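> Residue numbers (my numbering), protein chains in the order written: chain G, 1 to 398; chain P, 1 to 398.
Be aware that one or more of the hints could be misleading.
Same chains, same label: a pair holds when it works inside one copy or across any pair of copies.
Restricting the straight-line Cα-Cα distance to at most 25 Å, the calculated cross-link-like pairs of lysine to any residue (SDA-like) are [claimed, not checked]: (1) K115 <-> S284; (2) K54 <-> L397; (3) K54 <-> P80; (4) K115 <-> R26.
It is worth saying that the hints were derived from the structure and are not from the lab.
This one's a predicted model, so the numbers in the text were calculated from it and none came from an experiment.
2 protein chains.
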Amino acid sequence: MVKYAILGFGTVGGGLAEVMHDQRDRLSAAAGDDLQLGYILVRRDMPDSPRADKFVRDFSVIENDPDVAVVAEVIGGVGPAYEYSRRAILAGKSVVSSNKELVAVHGMELAALAKEHGVSYLFEGSVGGGIPLLRPMVRCLAANRLDEVYGILNGTTNYILTAMDAQGRDFAEVLAEAQSLGYAEADPTADVEGIDACRKTAILADLAFGYNMDPALIPTTGITALTPADLELARTLGYTVKLLGRAMRTRDGCRAFVQPHLIPLEHTLASIGGVMNACTVRGSAVGDVTFCGAGAGRYPTASAVAADIADAVRHRSEPMVPDLGRPGGRLAPEAELISPWYVRADAQPDEVASVFPGARPVYGSTMECGFITGPMDRRTLQNRLVTLGGRAAWRVLA
Amino acid sequence: MVKYAILGFGTVGGGLAEVMHDQRDRLSAAAGDDLQLGYILVRRDMPDSPRADKFVRDFSVIENDPDVAVVAEVIGGVGPAYEYSRRAILAGKSVVSSNKELVAVHGMELAALAKEHGVSYLFEGSVGGGIPLLRPMVRCLAANRLDEVYGILNGTTNYILTAMDAQGRDFAEVLAEAQSLGYAEADPTADVEGIDACRKTAILADLAFGYNMDPALIPTTGITALTPADLELARTLGYTVKLLGRAMRTRDGCRAFVQPHLIPLEHTLASIGGVMNACTVRGSAVGDVTFCGAGAGRYPTASAVAADIADAVRHRSEPMVPDLGRPGGRLAPEAELISPWYVRADAQPDEVASVFPGARPVYGSTMECGFITGPMDRRTLQNRLVTLGGRAAWRVLA
């Protein structure tokens, strides 16, 4: 018998307690030991909860119980979550987490601490929710130099873009609906401004390229500037629009950024609708592999955290700590990346042709036109946009 | 330092030797020990090969070298591959394999033998080639009751179907081209008749549902009966055609079969073209997760086998043997599964409407029509097909 504790009893914490209870036999078999819920750390009493007998409000009860081998941190944020994670590791307990902000900002430090104290530090649920992604990337692709990682990493923005695309509605209207349905939070900033996708991009880059990247330095553009006209023109051109986090290996670090992209309709990522996520990993031997599924939500995220709990227990004798890289990686400028671009402009075909020879503009219901350019860097593009009076430009995933 | 041996020096064996050499540092780090190539078992001398100094033709040299900890079996088939795998395990060596025929037919026995002798038996490369699939399914989804597994599991047939769909050519013509390009073997039977996909379906079912299924009993239909008219009508209806291996949990076993299916064009599996593979796993907590990538080929398969070698070395103290299930599972009849169907017939709209009310036939260049039925089992369908004079019918993935 081995005890675990759950820190936080919100959406993920509640789902985790349920999944651990419902699949206890399966998870205990995977762990090689009988998994028993020791405590749930809550901020306020909920005497009517069926799990009220496990509630504690003082972390030191968990910290000081030597039977607790694993602590699942599903609080979120970098305040108490960071403090409790540290203290749990210092107390010789493995920590598993779905907290992308904490992993992106303090993951390298917590990983080093876990190594030092001989415990596991796992965070499969922090990127891609329930999709098996980080472990397969690190373990199953161990024979590959990873060269690029990119994907749809935020379910809220993908839900909004999918609805804008299908229904021709504008951003604010769809956001309000997503909020009423619980797909977007009351303060949607972290999602719609790309901050959540940026944190996940940083974690992917850390694992893939060997350098620990500061998410605050990763250029990040959300979806708030996208208009129904962009989605209409994109579709006419044979594309859909997705917010992508991208990271690619460079000699001494990586290039990483978050931006809306046009994706060809026949591309696998174009088929990822609603709150689903998908991430493509490019390996030197395997080529491109893509992992798709539910990127967030109560049970999918709990699925990832529960598997981490079982693995932490199973590998007590040889703790698992994914390598989040070393400091010092250089972040290459996003602007230098050469790609095709989508441009929206109020221009006649001959005006377009004079600035972007070979481009084939299509016209939408707003009388604006959209077209796809040849491959170029951002500076070249911007010089030409000034000449043409372009109104919007987004990269095309080539 | 730990030695490994490669059995077989064909496409995969050659690729494996290259990948193990090129990524030695990375793989040794993953293994936690310095990986050194001990031997390559070959059937004939190749004195000009750069690896000729590692060649042996007598398996007992490998069997009797106590420094060899892992044997990678990439011979294929169930003859010598089975014999050598058994002997390696009996000699206390871990065995890793990309041999789907062997795993589907003798995997349960070899797994039991490996457990008994305290060594690992791993076969990530046997399904989905380089795609991380079996390990993520078993380990990362440990918190899920798996209810269904299905996918595009054979690259040769997917190449042929993709080319037939894109170019309107017939099966025989595209097969001949695939053979000349090396995408299909001289004897293509195992691929085009679905036998290869059937073996992989059996392995997926074994791992997902807890019963070991006999691949010989799984109803299997290949792609040889598909015509250009089917692909044309499917596309007009908004679908493409893919050969799917499917397995779903039942109370006392599973339902499993291999058949061509119509897939909606906006579905993720519809985006999987050419020799790519993709597999969807449905879990009770996570929902559907899909893994996509190169399902075969020299380097992708080597990528999977190489990671297995590293894992077998890393986990010498707690060997890894995936659970291929126990005997006795009942195979539920394929015919009873209720699904929508695509039908091709030489019939007028009123004739179609009289037998399949509500169906909306479209007409193609052969003057035949195609339409999608409501959900029904195979017997109900066949009774109606007799009445209508239907010429072909395939399941639609709903």
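> The structure should be examined with respect to each hint, and the outcome stated for every one.
Results of checking the hints against the structure:
no.	hint	in the structure
1	K115 <-> S284	neither (29 Å within a copy, 33 Å between copies)
2	K54 <-> L397	neither (49 Å within a copy, 45 Å between copies)
3	K54 <-> P80	within (20 Å within a copy, 57 Å between copies)
4	K115 <-> R26	between (28 Å within a copy, 19 Å between copies)
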